[in-house]
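Input sequences plus hints: build the corresponding full structure.
Number of protein chains: 2
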Amino acid sequence: MKKTTEKPSLRISLAQINCAVGDLAGNAARILEYAEWAGRQEADVVVFPELSLPGYPPEDLVMRRHFQDDTRRALTELAKKMPAGPPALVGFTETAGTDLHNAAAVLFGGKIRAVYRKQRLPNYGVFDEKRYFAPGKELIFLKIRGVCAGITLCEDVWADDGPAPALAKQGAQVILNLSASPYHAGKQSLRRRTIGEVVKKCGRPLVYCNMVGGQDELVFDGGSMAMDAHGRIVADAPQFEECLLTADIPVPPATRFPKNIVPLSPAPAGTKIPIEPPPSAAPLSELDEIYSALVLGTRDYVKKNGFKKAVLGLSGGIDSSLVACVAVDALGKENVIGVTMPSRFNSPETRSDAEILSRNLGIGFHSVPIETVTEEFLKVLRPVFGDRPRDLAEENLQARVRGTLLMALSNKFGWMVLTTGNKSEVSVGYSTLYGDTAGGFAVIKDIPKTLVYRLARRRNEKAGRQLIPQSVFDRPPTAELRPNQTDQDSLPPYELLDNIIRLYVEEDKGLGEIVKSGVGSEIAAKVLRLVDASEYKRRQAPPGVKITPKAFGRDRRMPITNRYRPGQPN
Amino acid sequence: MKKTTEKPSLRISLAQINCAVGDLAGNAARILEYAEWAGRQEADVVVFPELSLPGYPPEDLVMRRHFQDDTRRALTELAKKMPAGPPALVGFTETAGTDLHNAAAVLFGGKIRAVYRKQRLPNYGVFDEKRYFAPGKELIFLKIRGVCAGITLCEDVWADDGPAPALAKQGAQVILNLSASPYHAGKQSLRRRTIGEVVKKCGRPLVYCNMVGGQDELVFDGGSMAMDAHGRIVADAPQFEECLLTADIPVPPATRFPKNIVPLSPAPAGTKIPIEPPPSAAPLSELDEIYSALVLGTRDYVKKNGFKKAVLGLSGGIDSSLVACVAVDALGKENVIGVTMPSRFNSPETRSDAEILSRNLGIGFHSVPIETVTEEFLKVLRPVFGDRPRDLAEENLQARVRGTLLMALSNKFGWMVLTTGNKSEVSVGYSTLYGDTAGGFAVIKDIPKTLVYRLARRRNEKAGRQLIPQSVFDRPPTAELRPNQTDQDSLPPYELLDNIIRLYVEEDKGLGEIVKSGVGSEIAAKVLRLVDASEYKRRQAPPGVKITPKAFGRDRRMPITNRYRPGQPN
Numbered sequence: 210m211k212k213t214t215e216k217p218s219l220r221i222s223l224a225q226i227n228c229a230v231g232d233l234a235g236n237a238a239r240i241l242e243y244a245e246w247a248g249r250q251e252a253d254v255v256v257f258p259e260l261s262l263p264g265y266p267p268e269d270l271v272m273r274r275h276f277q278d279d280t281r282r283a284l285t286e287l288a289k290k291m292p293a294g295p296p297a298l299v300g301f302t303e304t305a306g307t308d309l310h311n312a313a314a315v316l317f318g319g320k321i322r323a324v325y326r327k328q329r330l331p332n333y334g335v336f337d338e339k340r341y342f343a344p345g346k347e348l349i350f351l352k353i354r355g356v357c358a359g360i361t362l363c364e365d366v367w368a369d370d371g372p373a374p375a376l377a378k379q380g381a382q383v384i385l386n387l388s389a390s391p392y393h394a395g396k397q398s399l400r401r402r403t404i405g406e407v408v409k410k411c412g413r414p415l416v417y418c419n420m421v422g423g424q425d426e427l428v429f430d431g432g433s434m435a436m437d438a439h440g441r442i443v444a445d446a447p448q449f450e451e452c453l454l455t456a457d458i459p460v461p462p463a464t465r466f467p468k469n470i471v472p473l474s475p476a477p478a479g480t481k482i483p484i485e486p487p488p489s490a491a492p493l494s495e496l497d498e499i500y501s502a503l504v505l506g507t508r509d510y511v512k513k514n515g516f517k518k519a520v521l522g523l524s525g526g527i528d529s530s531l532v533a534c535v536a537v538d539a540l541g542k543e544n545v546i547g548v549t550m551p552s553r554f555n556s557p558e559t560r561s562d563a564e565i566l567s568r569n570l571g572i573g574f575h576s577v578p579i580e581t582v583t584e585e586f587l588k589v590l591r592p593v594f595g596d597r598p599r600d601l602a603e604e605n606l607q608a609r610v611r612g613t614l615l616m617a618l619s620n621k622f623g624w625m626v627l628t629t630g631n632k633s634e635v636s637v638g639y640s641t642l643y644g645d646t647a648g649g650f651a652v653i654k655d656i657p658k659t660l661v662y663r664l665a666r667r668r669n670e671k672a673g674r675q676l677i678p679q680s681v682f683d684r685p686p687t688a689e690l691r692p693n694q695t696d697q698d699s700l701p702p703y704e705l706l707d708n709i710i711r712l713y714v715e716e717d718k719g720l721g722e723i724v725k726s727g728v729g730s731e732i733a734a735k736v737l738r739l740v741d742a743s744e745y746k747r748r749q750a751p752p753g754v755k756i757t758p759k760a761f762g763r764d765r766r767m768p769i770t771n772r773y774r775p776g777q778p779n
Numbered sequence: 210m211k212k213t214t215e216k217p218s219l220r221i222s223l224a225q226i227n228c229a230v231g232d233l234a235g236n237a238a239r240i241l242e243y244a245e246w247a248g249r250q251e252a253d254v255v256v257f258p259e260l261s262l263p264g265y266p267p268e269d270l271v272m273r274r275h276f277q278d279d280t281r282r283a284l285t286e287l288a289k290k291m292p293a294g295p296p297a298l299v300g301f302t303e304t305a306g307t308d309l310h311n312a313a314a315v316l317f318g319g320k321i322r323a324v325y326r327k328q329r330l331p332n333y334g335v336f337d338e339k340r341y342f343a344p345g346k347e348l349i350f351l352k353i354r355g356v357c358a359g360i361t362l363c364e365d366v367w368a369d370d371g372p373a374p375a376l377a378k379q380g381a382q383v384i385l386n387l388s389a390s391p392y393h394a395g396k397q398s399l400r401r402r403t404i405g406e407v408v409k410k411c412g413r414p415l416v417y418c419n420m421v422g423g424q425d426e427l428v429f430d431g432g433s434m435a436m437d438a439h440g441r442i443v444a445d446a447p448q449f450e451e452c453l454l455t456a457d458i459p460v461p462p463a464t465r466f467p468k469n470i471v472p473l474s475p476a477p478a479g480t481k482i483p484i485e486p487p488p489s490a491a492p493l494s495e496l497d498e499i500y501s502a503l504v505l506g507t508r509d510y511v512k513k514n515g516f517k518k519a520v521l522g523l524s525g526g527i528d529s530s531l532v533a534c535v536a537v538d539a540l541g542k543e544n545v546i547g548v549t550m551p552s553r554f555n556s557p558e559t560r561s562d563a564e565i566l567s568r569n570l571g572i573g574f575h576s577v578p579i580e581t582v583t584e585e586f587l588k589v590l591r592p593v594f595g596d597r598p599r600d601l602a603e604e605n606l607q608a609r610v611r612g613t614l615l616m617a618l619s620n621k622f623g624w625m626v627l628t629t630g631n632k633s634e635v636s637v638g639y640s641t642l643y644g645d646t647a648g649g650f651a652v653i654k655d656i657p658k659t660l661v662y663r664l665a666r667r668r669n670e671k672a673g674r675q676l677i678p679q680s681v682f683d684r685p686p687t688a689e690l691r692p693n694q695t696d697q698d699s700l701p702p703y704e705l706l707d708n709i710i711r712l713y714v715e716e717d718k719g720l721g722e723i724v725k726s727g728v729g730s731e732i733a734a735k736v737l738r739l740v741d742a743s744e745y746k747r748r749q750a751p752p753g754v755k756i757t758p759k760a761f762g763r764d765r766r767m768p769i770t771n772r773y774r775p776g777q778p779n
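So the sequences go chain by chain: H and E. Per the working numbering, the very first residue in the first sequence carries number 210; after that it's consecutive. Per the working numbering, the very first residue in the second sequence carries number 210; after that it's consecutive.
Bear in mind the hints are in silico, worked out from the structure with no lab data behind them. Bear in mind that the values here come from a model prediction, so they are computed numbers and not experimental data. Each hint should be verified, as a subset may be incorrect.
Lysine-lysine pairs mimicking DSSO-like chemistry, simulated, CA-CA at most 30 Å apart [claimed, not checked]:
#	chain 1	residue 1	chain 2	residue 2
1	E	K290	E	K352
2	H	K735	E	K352
3	E	K410	H	K339
4	H	K746	H	K518
Okay, structure coming up:
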């Protein structure tokens with residue numbers, strides 16, 4: 210046995226756990242389990258994610274008095290049950306008079322020894338914390354094995370004027386951070402930069418424990434880390450999976466101990482068992498990271514809502530092919546059912562590609578033709594329709610027959626319907642409400658079409674074979690709702706469309722700026738108009754994983770009734 | 210001609226106008242029109258609602274830089290175009306560096322003479338103003354015809370620590386308030402009490418200009434008023450309609466003029482034309498107020514979204530009968546189409562009641578039977594369903610066939626589909642997603658079933674005849690999706706159900722408190738469970754008018770994935 214280093218250091222466990230919103234008992238059990246594990250690793254302190262006890266984000270649930278009371282009871286119970294190991298920092302909501310705080314409890318020796326209240330409350334993007342919480346004002350210091358540690362919660366280290374420098378100045382030798390930081394593409398490198406800047410500002414090591422798991426539209430991707438006082442990563446956890454990351458974190462020598470420091474564990478009697486420096490998580494490529502987010506988001510939405518199996522319509526196109534792959538990776542092939550629902554407008558090629566894909570993936574497969582049902586609909590509608598020419602009504606009808614069939618299967622067998630619309634379609638409303646948008650979870654609603662192709666190609670590459678048949682990639686995209694239809698009859702080429710959508714939806718650019726960037730003004734104006742006019746469809750669409758920095762949904766709250774026309778005389 | 214009173218007074222016009230979100234040009238035109246009207250009435254000042262230029266609530270639209278720029282341009286234009294009449298207070302969003310303010314511009318003499326920034330930002334209930342706006346810090350005083358007036362914006366007079374007392378202390382003889390205060394049942398009397406308390410605190414008269422009109426789920430009900438320094442209503446405007454309310458408001462004598470006061474109109478040369486004290490708006494009864502809110506909310510949603518006509522399914526039940534009446538009152542009978550879609554489970558009585566109602570209302574009427582389409586669905590599903598017994602899948606299928614038929618009519622003729630589900634059903638999920646929930650606007654989604662009956666009775670009473678046939682009131686409520694079905698097969702009696710829903714949804718009571726109030730614990734627990742488990746359906750439902758103090762939607766933001774079970778071991 211090797212002795213631990215002579216320089217001052219702290220053995221810290223970061224418990225990157227998957228919490229479920231509202232599951233006080235389940236989350237408490239998970240916390241206990243990881244606390245015991247940290248104890249076996251002889252950790253000096255174990256840090257859990259922000260709001261780990263109630264789950265994050267609990268939304269208006271936290272405003273209910275009975276939920277607040279139950280949370281408090283659950284915390285008190287948990288404190289009593291905690292093993293006689295290291296102090297644990299657990300996120301919870303604290304009721305203080307008429308105020309509510311996003312707080313971290315320090316559990317040790319069967320008691321709640323201290324409570325830190327989050328000081329910086331995010332109220333932008335997907336966050337509404339000022340709706341719920343009052344900001345805390347007090348800094349909390351813990352004395353752990355002779356080391357002074359300061360507590361922060363998530364946004365506290367993201368805000369420019371957060372409390373970390375003050376903690377350092379008043380004696381903290383290490384900054385602990387409990388987080389629930391949702392994923393978007395590229396977030397992990399942004400986190401490293403942000404934490405790096407805080408460390409630079411404070412001259413103190415910072416340990417960052419993030420939540421992992423899906424909650425409605427959000428995926429928490431983990432990626433917890435410990436950074437030393439020089440900004441070097443000492444240890445880091447993988448993204449998208451639970452783990453206990455334990456590492457010996459070197460800390461600078463003590464300067465002073467604040468008067469109000471909370472004394473916890475004393476210096477240890479003997480030496481500690483050595484722990485292996487955990488292998489650094491290899492950073493995921495952009496595509497693998499996004500794909501993993503889709504898988505985790507889908508798995509957790511389906512399972513945390515009590516479903517086991519999922520069904521989806523397979524059109525033989527790239528979108529449903531990708532969603533089928535994600536579903537299989539999320540739920541297992543035995544839990545995925547593909548259904549092809551051909552009409553006269555579906556080519557033999559797309560029908561056979563749907564079947565080949567199902568065979569390649571090894572999933573259940575059904576074919577339910579929609580021709581006769583559609584005809585019967587048109588028959589009963591004829592007295593009202595009269596001899597009006599075929600138009601969008603007949604196209605949407607086919608999509609709604611398919612949606613109704615999938616929902617019938619869902620109701621009969623208890624399968625969740627996964628929808629297959631991508632962000633390009635969702636943006637411009639190229640979809641049928643109650644048709645292809647009908648379902649429980651919209652797996653790729655935040656994935657633009659061009660990215661759908663890249664993810665699908667990457668999935669084949671990882672499989673080492675044509676899981677998705679090559680012809681699916683080669684065929685021009687089509688909704689197959691009328692003869693010889695292709696998406697580009699109605700929409701600009703996807704490269705161009707996705708570019709406009711990125712500028713307008715994600716970067717909030719106006720028509721003028723978009724045109725200046727080189728997009729034709731007529732096409733840009735048309736796309737912007739379509740995006741605005743489709744808000745009502747998006748409001749009635751199922752949730753799906755947030756992937757981009759600005760997803761539709763809680764990230765982008767636009768009025769439905771909206772007469773503003775960007776770039777037009779207003 | 211009678212001279213105006215010798216005591217100091219100010220002639221104030223409150224322009225209670227209907228603004229549309231994003232319609233900068235349209236709202237500006239409306240403001241001009243009312244400013245001219247106020248000029249003809251020789252008003253000393255005209256007050257418009259909060260955010261009258263961009264409309265309220267503009268949500269994330271205000272965060273777009275190009276919208277901010279367009280708003281500023283529109284305001285500058287408007288200032289130039291304003292008639293040479295009284296100063297006008299117009300609500301707009303002000304960009305100041307990286308901050309955005311909810312602000313009131315004082316337009317006079319072709320210029321923006323002053324800007325007041327809202328100090329208290331509501332961030333609860335349906336409000337998210339801290340997401341958008343930074344609070345203002347400065348008090349603004351206007352010198353109008355020798356009288357010192359102080360400006361406030363909406364929440365400024367609702368918050369306990371608002372700026373009104375400081376305005377009074379520093380010299381304001383009258384408090385002007387620009388508001389966009391959404392309706393809920395009983396709000397108007399709450400407003401009078403609130404304003405009365407502010408007046409009492411300040412000892413100053415307060416004039417309150419509220420917006421009118423529907424915006425997505427919100428209805429602004431107007432009810433603008435002027436209260437004198439003794440808390441008496443000097444003038445008040447009707448609810449639910451546009452109006453210009455002009456009145457001579459007596460003000461206390463000047464005490465001091467703050468140094469930074471903005472000098473505006475000088476004392477008038479001669480006497481003013483007399484104005485009649487406007488007749489006080491007779492307060493609406495509870496039922497008439499609610500009904501008016503439904504009518505205005507429906508009219509504005511349909512029309513502001515570019516629709517003229519609406520279609521709805523008529524089941525012969527009370528819900529669709531009430532919605533048909535609202536639709537006729539909102540859009541005119543020539544713009545409403547009722548469709549009955551009978552199956553084998555519909556009794557001859559309900560079918561004939563639907564037809565009688567249509568005749569009574571004088572609306573369009575079609576009958577489209579669903580039997581053959583449903584059968585065809587079951588035929589193509591048989592290979593997958595096998596010989597499983599009939600269950601919810603077959604019931605929901607019928608509702609979805611109906612939803613699909615209505616949407617086909619919507620697509621073919623450009624009619625908006627109105628859905629007919631009430632709050633009791635919406636609460637417990639007694640509805641079929643993509644079936645009876647399919648449509649553009651959910652007129653009575655916030656009206657509990659017991660209130661549906663009361664409103665329907667009152668509508669008949671006002672008509673002076675059985676617009677809705679008596680048998681519709683007498684028949685036990687039924688979804689008619691299987692033989693001899695009634696709602697009470699699945700649900701507790703509506704009196705009981707609505708009581709539990711009020712306690713749980715509107716008052717946030719827990720299971721313990723609900724049981725203590727006298728509800729059986731088994732039934733209460735079942736209802737609570739149904740409410741929680743139906744969140745996914747509500748997320749995909751169309752918007753509808755907020756009527757109760759806490760409606761589903763932006764008022765109550767619950768997670769879909771939610772493992773909390775009130776009153777159970779958690």
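Hint check:
1. K290(E) to K352(E): At roughly 22 Å apart (the allowed maximum being 30 Å), K352(E) and K290(E) satisfy the hint.
2. K735(H) to K352(E): 48 Å, violated
3. K410(E) to K339(H): Cα-Cα ~28 Å, so holds.
4. K746(H) to K518(H): 26 Å, holds
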